[in-house]
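Top to bottom, those sequences are chains D and Z.
Read in UniProt numbering, the first sequence has 118 at position 118, and its numbers run on one by one without any break.
Read in UniProt numbering, the second sequence has 11 at position 11, and its numbers run on one by one without any break.
There's no promise every hint is true.
[Said to hold, decoys possible] With a straight-line Cα cutoff of 27 Å, these simulated BS3-like cross-link-like pairs (lysine-lysine) come out: (1) D/K46 to D/K87; (2) Z/K31 to D/K46; (3) D/K145 to Z/K39; (4) Z/K39 to D/K96.
[To be verified] Looking from chain D toward chain Z, a few residues come up when the C-beta cut is under 8 Å (computed): (5) F9; (6) R62; (7) L63; (8) S86; (9) A88; (10) P133; (11) Q143; (12) R144; (13) K145; (14) M148; (15) W149.
Simulated from the structure, these hints should not be mistaken for lab results.
For every residue, glycine included, the Cβ atom is placed at its ideal position computed from N, Cα and C.
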Amino acid sequence: MSLSAQQYFVLDQMGIPVWVPRADEAVTTADMSSETIDFSQFDFAKPWLVITENQLSVAENRLLRAIFGSINVQLNDVTVIDMQFSKALQDFSADKTVALVLGEELSQKLNLKPYNSLSCQQLENDVLAMISPSLRILLEQPQRKEEMWQAIQQLRNLRASLSD
Amino acid sequence: MTELAISQMQLADVDKVWQMEKQANRFPWTKGNFEDCLKGGYRSFLYSVADEMIGYSVVQSVLDEVHLLNICVKPTSQGNGFGRQILNHVIGLALEQSASIVVLEVRASNFRAQQLYLSTGFNEMSVRRGYYPAEQGREDGVLMGLELGMLSQLGQNLL
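Bound-form chain D, shown alone (with noise of 0.2 Å):
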């Protein structure tokens, strides 16, 4: 049942909450259940790449949402990406996207290379990422709130360095 702004309003006056389901945006990521990979679900022009170990949770779902929001970049600008997909990340282009890798060992599955000086490091085909803890670590965490601030804000100054 909907109601009009005038039941919420007179509702709140006399401090009755009003519940309704939530409806998370979702994250496009890989579809779990399909026996074929199929790379054409990406869009490798997005200039935001996540890459995770597997198949982010709800809850770690809503806390990439709230990173992302919180330097202003929308998920749709997004691509998140797990391990199973791992060959999509060659078709990434270096002048276009960058990568947050989450978490330390996944970052040596990746094998990724050292870039010049600074913190940042690349993926094979030289899309520079950024290291961060893993969504669920910092779940578990939260006082590894702040590796994860200084990696997104990072990241963000790497993706303002591919614009100019």
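Given the coordinates of chain D, work out where chain Z should sit on it, guided by the hints.
Just chain Z, lined up with the frame of chain D:
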């Protein structure tokens, strides 16, 4: 309830914002504080009624936290529920962004503001001793937080 018109604060607005800041606070932010916030990309809003600015807010997002750095209602417009409306707007922004908490700091002596925050669901998280300048030395700052877990699950209409 008078509906507020909401717009983004621009650098060109800082002069009039600062005038209001000085009217409303014993220890106001400097003009440079507002300019720095805008240049730093903090989300800053003006609230108006019938084209007259009655308040503003400055918000910083840090990952899944939203920090309400400044909220102000013009002294002559206070007592009309505008503060609550502005606060609800900020909470709505935080929910849109999937933030998990809104935090703010308030002077220990500002009971009126604390009452507003408490009635909106904020809880006291800690006290920072001598955080604010005061007429007689320093004054404590009360750190308050609103966990958004319940609101984000059930929707903003809880507000």
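Status of each hint after checking the structure:
For a cut-off of 27 Å, the pair hint linking D/K46 to D/K87 stands: about 17 Å separates their Cα positions. Annotation: proposed proximity of Z/K31 to D/K46 is violated, straight-line Cα distance about 38 Å (limit 27 Å). Under the criterion of a C-alpha separation no larger than 27 Å, the hint pairing D/K145 with Z/K39 is consistent with the structure, at around 23 Å. The hinted pair formed by Z/K39 and D/K96 meets the criterion: a straight-line CA distance of about 25 Å does not exceed 27 Å.
Against a cut-off of 8 Å between C-beta atoms, the interface hint on D/F9 holds, since the closest Cβ of chain Z lies about 6 Å away. Nearest Cβ of chain Z to the Cβ of D/R62: about 5 Å, under the 8 Å cut. The hint holds. At about 6 Å, the closest approach between the beta carbon of D/L63 and any beta carbon in chain Z falls short of 8 Å, and the interface hint on this residue holds. At a threshold of 8 Å, the smallest CB-CB gap from D/S86 to chain Z is about 26 Å, leaving the interface hint violated.
Below 8 Å, beta-carbon pairs count as interface contacts, and D/A88 has none with chain Z, the closest being about 26 Å; its hint is therefore violated. Because the beta carbon of D/P133 sits about 11 Å from the nearest beta carbon in chain Z, more than 8 Å, this interface hint is broken. Here the hint on D/Q143 is broken, as its CB sits about 12 Å from the closest CB of chain Z, past 8 Å. For D/R144, the suggested interface contact is broken, since its CB lies about 10 Å from the closest CB of chain Z, more than 8 Å.
Interface hint at D/K145: satisfied, since its Cβ lies 5 Å from the closest Cβ of chain Z, which is below the 8 Å cut-off. Given the 8 Å rule on beta carbons, the hint for D/M148 holds: about 6 Å separates it from the nearest Cβ of chain Z. This hint holds: D/W149 has a C-beta 6 Å from the nearest C-beta of chain Z, less than the 8 Å allowed.
Comparing the model with each earlier hint shows violations of hints 2, 8, 9, 10, 11 and 12; every other hint is respected.
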